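Student: What follows is each chain in one-letter form.
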Amino acid sequence: MKIIVLVKQVPEADKVAVNPETGTLIREGVASILNPFCEYALDEAVRLKEEYPEKEIEVIAISMGPPQAKSALMRCLELGADRAYLLSDRKFAGSDVWATSNALSLGVKKLVPDFDLILTGKQAIDGDTAQVPPETAEHLGIPQITYGVNTKIEDKKIVVKRETEEGYQIVSTRLPALVTMSKGSNIRRMPSMKQILEARKKTLEIVSAEDIGADDTKVGLNASPTQVAKVFAPPEKGGGEIIDGREEPKLAAKKIFDFLIANNFI
Amino acid sequence: MTDNIIITETIEEIPLETIRVIEGEEEIRISHPGYLFDESKISGGHAEKIFFPKNEQEVATIIKKLNEEKIPVTISAARTGIVGSAVPLYGGVIISFEQLNSVKGIGYDEEEKRWFVRLEPNVTLSELNDVVKLKKFEENQSIPPEKNWVEKFKELNTYYYPIDPTETSAAIGGTIAANASGARSFRYGATREWVKRIRVVIPTGEILDIPRGKYRAKDGNFIIKTKEGEIKLVIPSYEMPKAKNAAGLYAKPDMDLIDLFIGSEGILGIITEAELWIKEYESHMSNVAFFDNEIDALHFVDLLRKKSTFKPEFIEFFDKNALTLLREKQEEDPKFVDMPTISKTVEAAISFDLPFDEETIETIISEVGDFLRQCNSSLENTWCGYEERERARFKHFRHAVPEIVNNLIAERKKTYPEIHKLGTDMSVTDEHLVDIMQFYHKKIEEAGLEYVIWGHIGDNHVHVNILPRNMEDLEQGKLLYKKFAKKAVEFGGSVSAEHGIGKIKHEYLLIMYGEENVDQMRQVKLSIDPNCILNPGNIFDIEVKK
Amino acid sequence: MLIVDMEKCIGCGICEKVCPFGAIIVPTDTKKAKVLENCTLCGTCVNACPYGALTIERKTVSKEQLSQYTGVFIWGEWEKRENIPHIKNVVLELLGKGRELADRVNEELTVVLAGYNVEQLVSTLFHHGADKVILAEHELLEAYTTDGYATVISSIIAAKKPSIVLYGATPNGRDLAPRVAARLGLGLTADCTGLDIDKENQLVQTRPAFGGNIMASILSPYTRPQMSTVRPNVFKKPKEDKTKEGKTEIFEVKLKRSSIRTKILEEIHVLDEVVNIEEADKLVSVGRGIESKENIKIAQELAEAMGATLSGSRALVDIGWLPHARQVGQSGKTVSPNLYLAFGISGAVQHLVGMKSSDVIVAVNNDPEAPIFKVANLSVIGDILKIIPELTKLVREYNTKKESEEI
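Residue numbers (UniProt numbering), protein chains in the order written: chain A, 1 to 266; chain B, 1 to 546; chain C, 1 to 407.
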């Protein structure tokens with residue numbers, strides 16, 4: 001059985017800011033990491049591999065990004081993926097959701113045509129769109145289940161516990177299918193030094209647009225229906241009154257109370 | 001040219017009334033009680049006034065006035081110290097450094113080929129690193145202004161200030177006064193080695209500007225030329241321990257004047273500005289290796305220190321009791337110790353950070369693998385992470401033990417309010433590591449006390465935490481503490497490797513140096529601060545005057 | 001154009017079965033799929049074909065063609081509460097914003113209401129500003145499924161050619177919209193917090209990225225319709241006007257059970273009560289500073305005294321002290337109550353993103369440097385465990401006084 005995990009490398013989101021004057025991203029000192037939700041997906045794939053040894057599960061990590069995104073795939077290999085591919089080509093530059101998901105689906109069809117399951121993170125912490133996985137599923141013509149926290153494989157089906165607004169749902173679908181993972185209850189894996197060493201001996205290939213048969217009209221900026229018109233810093237709020245209530249909690253409570261009364265909240 | 005004579009700078013006094021002040025012992029107790037405590041949590045602090053100076057001139061004005069009136073003064077910045085140095089036990093005045101909190105600029109020392117940052121004492125470690133890592137400097141902040149260092153600095157890779165005494169909300173001035181260190185001093189040394197220059201206000205209200213390398217002792221002394229006359233400082237003649245040390249005044253025959261002030265816990269002068277070296281950031285990977293017995297773990301430390309072709313950034317230790325605490329906490333709250341399960345057979349763990357880059361990683365790991373095999377462990381048994389957020393997990397793991405210990409003690413305080421943790425801070429020399437560890441375990445186990453041992457084993461500087469269950473345990477623990485101090489000194493170590501003496505470890509200073517040597521320190525203090533107004537109670541008690 | 005690869009097509013007839021428009025057939029003589037004139041390029045058959053024999057070639061739409069797309073559409077998401085369907089709040093919020101956009105370009109505002117036995121919801125939509133409701137009912141639409149809804153919504157969009165389609169960025173909205181976008185080859189902007197029309201009558205879609213640290217404005221210049229999912233609680237609900245009426249258009253749905261590939265086996269409602277922090281007008285929100293699970297009680301008491309709802313930061317949800325439904329922030333809910341009282345929440349960007357648009361923010365934290373103070377109207381440095389009970393006492397005293405006065 002083959003499980004593909006689609007992953008993305010992201011900057012550590014809470015450290016990225018915009019220079020308010022130039023409108024450019026400040027990425028100084030911001031590390032790149034494997035998107036945390038993608039890591040949950042990978043953890044889930046490795047867990048399935050361990051849970052169903054008779055299925056001889058192979059875990060394949062695929063990403064699209066610049067050459068340095070190799071390090072995110074390296075982390076996948078360290079955490080237990082068996083091989084990895086990076087779709088990397090100047091032609092992919094400027095891809096929006098549609099073009100990215102299209103390239104990924106072409107990559108999947110070319111590299112692992114006989115896949116059984118695709119696992120992804122529910123969203124990436126940089127863009128937060130949560131759109132690439134469903135669009136990829138659509139391009140591949142397979143069903144999707146979003147916001148999974150736990151999966152079980154039953155025969156030709158997958159059964160997923162997914163988060164809903166009211167709690168959880170148990171949903172099943174036939175394979176092949178795509179499931180996006182939210183943070184489950186698993187403790188995140190921690191590779192051993194041995195795995196770090198072994199990962200560097202596994203296959204990690206860079207794949208070009210030509211390799212996956214993607215022509216210029218299907219990937220990159222040309223194939224992207226959306227365009228970023230501008231990027232800017234969010235307006236600052238706050239600057240309200242500050243009270244030091246460390247010594248006099250009673251007084252502080254009174255001040256909050258007065259404020260709430262004055263604003264008709266009580 | 002170096003010299004042992006330094007001439008003070010004088011500062012124009014300003015009217016004292018223009019400086020913000022809070023007055024009245026009762027008023028301070030009610031409205032500003034935070035200033036009467038620090039992380040030592042010792043009680044008894046009180047003060048008549050709190051001044052809030054905005055600059056060096058105001059600090060100098062206040063100090064001069066207080067010296068004339070012989071009023072004791074305690075400096076208050078972030079108050080993160082744990083030996084009570086910022087607690088005004090002897091009343092008088094508090095000077096809050098709250099407003100001395102700006103990063104003034106950045107420069108490049110063309111001789112040393114090193115970058116440095118100039119800052120005021122109340123900038124915290126995390127603020128400093130935030131400014132340096134994100135290169136938040138204005139164009140006009142080059143030192144000197146005619147050089148365009150800021151522009152050049154912005155083109156470089158990430159830089160940082162490597163001293164990491166765990167508590168990053170500590171104020172820089174405090175870290176210099178305490179010669180703060182922490183785990184990474186194994187690789188980078190303590191604060192001392194990173195101080196390029198300081199400005200110090202002395203009790204006369206004058207300023208000493210001390211760049212490293214300019215003033216060196218001659219004939220065992222320094223001369224300070226003030227407006228009124230000369231102050232002669234006789235350097236104590238004792239020999240400093242070879243092991244990591246933060247106890248007592250620094251003294252060496254040909255020492256640099258700057259080193260006398262660094263680590264002097266504020267008893268000789270008040271730092272109003274400093275320049276600190278910074279360095280280029282290197283990627284590291286964090287690791288934790290596990291061992292089935294402690295001797296194997298100590299052997300591994302020895303191999304890492306002596307046989308490795310690379311230098312770990314730090315080497316930290318957890319004994320079997322610390323691991324048990326972690327394991328139990330993990331079962332109760334898996335998110336608190338966000339790590340894989342710790343095997344039950346494990347009796348010691350070593351956490352160590354190594355340089356990381358793709359070129360060398362395979363060689364380094366293979367080398368570590370050899371060491372581990374020699375110590376009956378393996379690469380498979382060793383956690384590893386190098387992404388920043390992974391390393392944060394390791395960091396959290398390392399800090400979890402003291403946190404759990406503190407919670408445990410807080411819980412016990414509910415039954416015995418007088419109970420507190422007994423934490424040692426002692427170092428020894430390399431060759432005595434195994435001996436002292438065995439001594440610790442043997443003595444505490446004989447006494448039947450509960451304890452954990454963890455800490456900076458790279459510097460042979462572990463923290464023994466005795467966890468008293470009742471008042472009897474506490475008394476017994478205190479006796480043991482003294483025994484440990486004597487033993488550490490016997491083993492060429494220090495009674496306080498990083499926390500300092502402050503107001504609570506005077507008796508251990510005596511154990512370490514003896515009455516005569518402590519007297520030599522007193523003489524230095526009395527020469528520069530005859531009225532004993534500066535931070536009274538730090539290092540010696542108030543009777544210093546006699 | 002829908003293209004049939006004659007070599008790959010084996011004439012299995014699945015496409016004919018799934019087509020919502022009856023626009024593709026497999027004649028018995030040729031045994032190959034044939035596309036009819038009424039094909040809307042909705043893409044349902046492409047997705048369903050097991051042999052990859054069908055593809056749609058989409059050309060970017062020229063300026064003249066762009067103008068053929070008119071109208072603002074909103075996906076009328078609904079949910080069952082106590083077994084009765086209710087329109088989701090975000091749909092009403094979208095009606096307010098949608099009305100404004102439609103008026104700017106002088107076009108109609110339409111809600112696409114798909115479901116089963118939901119006709120009763122139509123009038124509410126008119127009362128909140130819809131000109132028209134497209135009602136698509138089918139028993140297979142009784143519960144939300146990706147396949148069922150994607151097919152219906154895609155086919156309506158393909159047939160009606162609107163210029164703008166808006167979805168609430170709810171879990172289902174975020175599940176559905178990208179599926180439709182991929183099928184129809186359209187741009188989609190996720191989690192918008194701002195929508196506007198520019199000089200060329202294009203939809204300017206503004207959204208936060210990098211955990212809210214930056215904002216980006218996005219256009220879809222060459223494709224129509226322009227589609228966005230929009231965060232709940234960003235736009236204000238319009239005033240209800242019960243006199244307003246509109247047109248209802250029934251859309252015939254052809255849907256087969258076999259084309260819905262997922263199956264809901266079980267629903268687990270974790271909450272004993274239904275909490276909807278997104279719809280609360282006052283929130284008492286607690287973070288790590290609350291220190292223990294037991295202490296949550298004191299915050300709950302304050303919330304009760306104030307008539308507010310209790311919510312919290314991710315830290316508390318992660319350790320299981322609060323249910324996920326009460327989580328504010330990037331991985332929880334976006335809220336914008338009239339009053340947000342934050343106790344012991346330091347304010348990581350992931351949290352701020354979820355509550356920044358609250359009208360009034362009061363924050364209490366013992367750390368003077370807590371980032372939450374940067375967005376607060378009133379910041380109090382102090383110990384929440386001391387301040388909350390005092391505040392509760394004051395509120396209760398006030399309430400009692402009020403009550404006695406009223407008697």
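Take the hints with a grain of salt, since some may be wrong.
[Stated by the list, open to error] Calculated lysine-lysine pairs in the BS3-like style (CA-CA distance at most 27 Å, straight line): (1) A/Lys194 x B/Lys311; (2) B/Lys196 x A/Lys183; (3) B/Lys306 x B/Lys320; (4) C/Lys386 x A/Lys161; (5) B/Lys196 x B/Lys136; (6) C/Lys386 x B/Lys414.
Please keep in mind that the hints were generated in silico from the structure rather than gathered at the bench. Remember, predicted model here, so these are calculated numbers, not experimental data.
Student: Which constraints among the numbered hints does this structure fail? Numbers only, ascending.
Tutor: Those not satisfied are hints 2 and 4.
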